[in-house]
Structure formats: C-alpha cells, structure tokens
Amino acid sequence: MTEVILDQTPPILHGPSAKEKKYDRQLRLWAATGQKALEDSHVLLLNSGSGTVGVEALKNLVLPGIGKFTIADDMIVEEVDLGMSKASPFTSEKQEKSIGELFEHDKFTLIMYSLPIKAENLAIVQDYTKRHKVPAISIHSAGFYSYFKIHLPGSFPIVDTHPDISATTDLRLLSPWPELSQFAEGLTENLEDQSLHDHGHIPYVVILLHYLARWKEAHGTLPSNFKEKTAFRSTVAAGMRTDNAEGGEENFEEAVGAVVKTISLPSLSSSVREVFGYQPDETESSTSFWVIADAIKTFHTKHNALPLPGSVPDMKAQSTVYVQLQNIYKAKARQDAAEVLETVRSHPGGKDIPATEVELFCKNAAFIKLIHGTTSASSILEVAKAEFANDESAALTQMPLSLLPIYLSLGATSHVNSATASDIVAKIGKDIPEADSNPSIVNAAEEVARANGGELHNISALTGGMVAQEVIKIITKQYIPIDNTCIFDGITSRTQVLRT
Amino acid sequence: MSQPVMVSGKLTTPGGSAMKKGRWTYLDNVRRNPGPFVSEEFTGSEEAVTASERVKVFGAGGLGCEILKNLALSGFQDIHVIDMDTIDVSNLNRQFLFRASDVGSSKAECAARFVEKRVKGCSITPHNCKIQDKDDDFYMQFNIIICGLDSIEARRWINSTLVNLVDPENEDSLKPLIDGGTEGFKGQARVIFPTMTSCIECQLDMHAPRAAVPLCTLASIPRQPEHCIEWAHIIAWENEKPFPALDNDDPEHITWLFQKALARAKEFNISGVTYSLTQGVVKNIIPAIASTNAIIAASCCNEAFKIATQTNPCLGFEENYMMYTGDAGVYTYTFKHEKKDDCPVCGNLARDLEVDPNLTLEEFIASLAERAEAQLKKPSIRAEKTLYMQSPPSLEEQTRPNLIKKIGELVGNGDEIGVTDPSLGAVNFKYRLKFSKEYRGNAIETASAS
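Just so you know, the protein sequences line up as chains A and B, in that order.
For the first sequence, counting from 1, position 367 maps to 367 in UniProt numbering; every step adds exactly one.
For the second sequence, counting from 1, position 162 maps to 162 in UniProt numbering; every step adds exactly one.
Where hints are given, some of them may not hold.
[To be verified] Think about it this way: if two alpha-carbon atoms lie no more than 27 Å apart in a straight line, the pair counts; the simulated DSS-like pairs of lysine-lysine are:
no.	chain 1	residue 1	chain 2	residue 2
1	A	K477	A	K130
2	A	K19	B	K186
3	A	K302	A	K385
4	B	K405	B	K339
5	A	K477	B	K186
6	A	K351	A	K477
7	A	K363	B	K406
8	A	K363	A	K261
9	A	K59	B	K385
10	A	K133	A	K97
11	A	K59	A	K19
12	B	K385	B	K437
13	A	K332	B	K339
14	A	K107	A	K133
15	B	K406	B	K378
16	A	K261	B	K186
17	A	K36	B	K283
18	A	K59	B	K120
19	B	K241	B	K430
20	B	K385	B	K430
21	B	K430	B	K378
22	B	K385	B	K186
23	A	K21	B	K130
24	A	K330	B	K266
25	A	K133	A	K36
26	B	K405	B	K434
27	B	K283	B	K340
28	A	K302	A	K332
29	B	K241	A	K59
30	A	K21	B	K186
31	A	K363	A	K385
32	A	K363	A	K36
33	A	K261	A	K330
34	A	K36	B	K385
35	A	K19	A	K68
36	B	K385	B	K339
37	A	K19	B	K283
38	B	K340	B	K430
39	B	K385	A	K21
40	A	K363	B	K186
By construction, these hints were calculated from the structure, which means they are not laboratory data.
Throw the hints in and build the complete structure from the sequences for me.
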C-alpha cells in the first residue's frame, strides 16, 4: 500500500513547462523519452529534383522538435541547429561542400534521400550508412504515385511497441499464484449468503477464479476447448442474482463477457517466437535488448510463461478491493521482473543495464518486435510472381490489386528524371519477363511517364507525412516501423507494404 | 473548440496563362495530358485547366494550415477558410504557419496572410467565426468544401446543411464534402456527394461516443485516476465553485481540479493522477502530430484536386472512405461505406430506435446523447404532437411536464418521432420507436441502487 502512495508525484503548483505546453499533444504519444531521442537526433536530407517530398518530410520532423538537420541539395549544404536552449529559434549556415566532404565531418542519426538520385551519390550514401550503421530511407514521388523504402543497418528490435490497450490484458486466471487464489477465496466465502451490495461488487477476476475452482473440483481439469468454455460461461451466468432492482449484476455481466478472452493459456505471439529464435551476432548480443531478451527466454523456459505485465483493467468493484487486487498483480509483476533482473546481472554484459529498462521490457514482453534490417532474400522476380499470383484471384477474394507495378515503374526511373512508358516497361522487362503483356505494369508505366518526373504537391505532402512517421518510430524506438517498402497510389488512395 | 479549416476553392488565374505555364509545369503534366485511368470527360484543354483553377474551396479546422498550403500549391486560387479559434502554444507542434509570436491571434487570419504572401496569385479569405454562423447563401458560393473539423457536432452540422442545400433543379447546389480527421498516428479521409453517396450521418456509428463512467462510481467507488479527475470536474467543482465558471484553458482552474483529484486519489490509494492527465481528461485532449495531419490533409486535398481537374478518378461513388493507421507499420483500408436508406439526414425512411417504454421522456432524452446511432445532446422531440422543446423558453415551459412521463404513455410501439437539435443544423431526424420491453404502465418501482 505504501508503495502506491510513493508512486504519486508531489503536487506541482506551477503548471507544465513551456516545452511541455508546446509539445503536449505529442508527449501523450511518445513521452519524454521519445522527445529526448528526437531532440538528440541529427537528420540528413539528401535532396534532388524539385525535392518537395523530402522537404515535406523534414518539416514534419522539425515541428515535433528534432535536434538538428542538414539539407544537401545539389552540393549546397544547409545546416540548421535547432537547439532548444538557443535564444534565437534557429541558426543556420550555408556551405558549399561535396557530398563526400559532408560525410567526413558529420555523424547523422538517420538519412533521408529522395529519388531520382545520381548513381555515384547513392553509392556514397550507401557506403556511409553501411560503415556507420545508420538507418536510411529512400523516397520517390512522381505524379499520383510514390514509394519509400527503409534501409536498416541490422536487426531492429523494439520493446515499446504501444500495443492496443485491449490486447494487453493478461490475468493468468488458469494459473493463479497462491496470493491471488487466497484473495479470491476470501472474497467468495459464503457467496450465497453475501448481501446484495457485497455480491454485486465482487470484481469479475475473483468471480471467474471462484467458478474455475468449482469447475476443476467437478471436472478434474480446467475448461479448455470452446464447448467447455461455453458451458463454463453458463455456470458463471447462472451465478448472477436477478432478484434485485436492476434485474441483474454488472460485475457478473463483466465476468460472463470476459470468459472467452481471459480463460485461455497464454501463448507466445509469432513476433516473440521470432525474437526467441533469432541468433544475434557478436556485436548485437552484447546490447541491452539481447541481454534482456535472453534472460526473458530463460524465464519463459523455466515457468512456461512470460513475466507478468501486472496491469489490471478497470472493473466493477469497491475501491479498496480493486486496489488490493491491483497490488497483488503489481507485486507478482515486480517479483517476475526481479527474477529476470537477476539473470541479466549474471550476464557479463548485464551489470550496467538499468533496472527500469528491465522492468519496461518485462511489462511489454508479449509485444516485443524484431524488424529485420537486411533486404529481402527474394529477388524482385519472386516478389512479383507472388504478387501477380494473388492478383489472379483478386476478383474472388475481393482483395485490391497489388501496387507492385507502381514500385517497379518508379524504380525504373531511380536515376533518370523522366522516361517514356515504353522505356519504363522495357527496363522492368529486364527483371520481370513479359512485363509488356501485364496491363497493370503498362498502366503504371504510362502514369509515371505522364508525370514526366514532376511531383504533385499533395502526393508529396502525404508521402512526406508517412516518411516522417517512420523516422519518428525509428529514432524514438517506439511503435513499429514498416518492413520495408511502402507504396502509395494516389488514384485509388491506398498503400501497400511489401518486403523488397 | 477549434474548428479546423474548411476550404472552398475557385481556380482563377491572374497574370494569364503565360505566367502560369512556367510556374505550374508539374501540375500541367497531369492537367493537360491524359493518363490510363482518366474518364472520358477529361480534355486537358486550356478551358478545363482554367475552370479547375476557378473552383472555389472552403476549409475549416485543425488541419487548416496543411489544407491551405496544399490547395494553394495545387493551383486553387480562390480559397475561403473559417476558424473561430485563436492560436494556442500547444498548436505549434504541428500548425506550421504559426509562430510563437502569433499565440493569441486568429488562426484563420494568420494562416490566410501567410499563404497569400507565399503563393502569388492565390486569394485566401479568412472568416474568424464558427461554421454555424454562416447561412445557406454563404455555402452556395463554393464548389468544394473541405473540413478538418475537430468535433462530430460540427461535422454533422455542415453535413446536414450541405444535404439540405441540394436542389435537384440546380446542379451547382451539389457541393462535394471532403472530411478529414486524425488521432495520434491514425486518421481518415472521406468524400461525400450529398444526397447521392453515404453521408456523415450514415457513417455516424464510425464515431462511437466514449462510454461515460457511471456517476455512482465517481461518487462512491473510484478505482482509476480518471475517476478521481472526473469527480473533481463534475462533483467537487459544482459543490465548491472555486471560480465563477470553469475555463479549461486557465491553468489556475486545471491546477485546482488536479489538486482535488490528487487528494481524492490519495484517500482511495489510487495512483496515477498527474497534471497532464487532469488536463487530458477535462479537455478531452486527443493526441495530434504534424505528420498525421500532413497525411490526412494531403489526402483530402488530393481528392479535391482530382474532383476539380478530373485528372484521375476521385473517391466518392465507389470507394469513399480511407482509413489510415501508422502506429504499427502503415496500413490503409479504403472501402465503400454504403448509403443508408434510413439515414435521418439523407435517407427517406425513419431509422429504427430501440427504447425501453418504461423510461421517462427525460431519461430517454439523456440516453440519446450516448447512443452511437443518435448522439444528440440537446434534442427537441415531436411525435404527433410536440413532446418536448428545448427553446423558446415559453414552449420549454409548456412541454416540461412531459419530461417525467413514461415513453409508453406518450407514444405507441412503432410510432415515428422527429428529433431536432439546433447544433446539428435544420434537420429533422426521423426515428421509428421499437419498444424493447413491455410497457408496465405507471407502477411504482423500487428505487435502484448502484
């Protein structure tokens, strides 16, 4: 109980700081840690052509407060420092530098480059991102089409994925620990004789634990398949008193509603299995993510469960009872995290990992996510075959047609400002045989040729918005970036994410 | 409340086509040359391009900065914008036309000045007022309406106004309505051809209202920090009246609520009450970032551009709704929301509404605010005779005795009622009442406890 009170921040008499006021609407999404990561970042925009899409993306990063950016546009470099402490809102210096020189002096957090780009400039960027392990995003916008592709320098694990709140309930009703069972038993003693008020305020977690124990006494096992769960749900419903003024009880209704969702053994999501199955290389394995992931894997092997996240959804209950229940879950979560921390500490690289990082990891363990950095092992021909095979059955499945032809057509103009439709189709034909007999490819090529290399402001603004979201996700290591190419069709107003 | 930009557009080209040519090269690639997906109506002629530039656009709301910039840079030359709000410091993380020195000034005026200065030949007319302050004649002058409004009430108002404006004898009376909205990394853009395609009222269930916490939970069994804040907001404030009227933007008022909520949380051992959460709950703050606003505003303007120029098919008659999600990867779902025959605004049939006939009229009226398919806050109700009128005061007084009467006493099962709510325009919402239970008459009931 005392711990709960210690959680309270002391009352502040002055309101939020100027910075908190300005960034209020975004701090609610990525908190002070995400904001700090943005403010510590230095983003390079390598622009070419009219460059609207790059500038739009950058605008959406300057507004939430990235620390510093550099624009390199046809060799003219503009550097802007947005240090928050400076009296002037920003200082800027313009220098003439070659792209090669630019990379000699500055260390960038992330690079965005727009296409088309000269092949030699692209080679310099790729060399830099590889040597310094810097993530990059390539962007191409022309006419009503665009795409962007994320190039991550290695595997990219995320802890703070912000799962949907409704997905995070983990109550362990099929494997309660002694404190929880005792608490439930205490509240459901002489259930039949309880007053209307008491009976109507038993939290649904406790109701379910009570009827699960009764079920086990009668059947020897817990309800596991759908049929048993349905039968179990009926026994819970039968426990509801209906002879009161309302003709029912809200807490029992909540319990009945929670049966299907909460009466199931926790299973590992494919994302978590992927993390557990991944073999980090030598550099990776000493990073805090992989040290903690390894400790969690050990925990899971031992207990056949992930560490308990510890949060309890709101439910009808007396305040004191609800807080007691919360504390039982919190205590168990702390105990699990302490066990993981012990394993972390015994790891040679685990001595300096902050306990708070381990706790956050334990809380989000069911939702960790690994994005692979390397480019797809499949060739573009294999990707195309799979996409066009789907298109064949699109009429039946009512799925929209693949947007890959847009990617292919823009890709054919990666290093030239414009091309005719037949040039584009011919270029695609080098990778995809019979491209000229695929109407989707021919139409996309015509639409790209029609734009003549020109950007439409709306398409570039929209694409710049999506790119900025991805940059924010990568820099803050929060939410989940795409893997790895996003194609946008401004005619049908649709996106498609593909691995290329 | 901020009313995001409504933009209306006319495309006119001062300076003649010679100046235009060099300047809008990129636009002309698509405005003058056909593509594989253009309709038969596309000509690419000088007249068509000029006509498209004359399209008069109207915009409003939090997406306003983006919408104005996008329209001006897409060749629209006659744009009107409505926003009643003044600039707040918390707007500066996304509304990029505003600077710290603009805090306190009119959003519409400041944005209009900025864009007019940057895009030569584009006229932007600001209106520093509510969208509801303008009449039918005002809206008649526009060709396209774009809304980035932040409230469902404002959306329903402009929607019903534009549906009412449609006159089958006059094709100019049909104004395409393009609506955009964002929340965090998510958003939606939709295109409505009033009376012809699914309207905002048809789609009302896409905006389910937040379930209210029962008063008895706030009053006696709080469990969450939000319950403590709502208690301070609804109960403590009313009891103590520390200031004459609650101003959500006054930090002194928010601090008072925060401290009340904190003390209550302490009493019940509840953790998590912060200043920021207090402000969030009291003001119902929705997270907003520059990038999502850019995506949704640009999607709206892309549709306006396609409608005005016919350079490619627009959303509307087939797919008409694009949902965007950017928090886990990027995902769009673009689909056709079907028009509803029983839409209270654009349909011909009364919509079925389940009701317990044992509720009093007053309870029924209160329930209309929370029901996803109604969401009416100050409804006046007519059946064969007037059941309750919110105004004028004389009529209110006359109909007030009905409030305590049971629904089953006032109307019969299957009766049609008409509901009006001035905040939603001059529309008569039609509902057919279906009794969900048997009417028990005026039997005395036991008071229910919670």
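Hints the structure fails to honour: 3, 4, 7, 9, 13, 19, 22, 27, 29, 31, 34, 36 and 39
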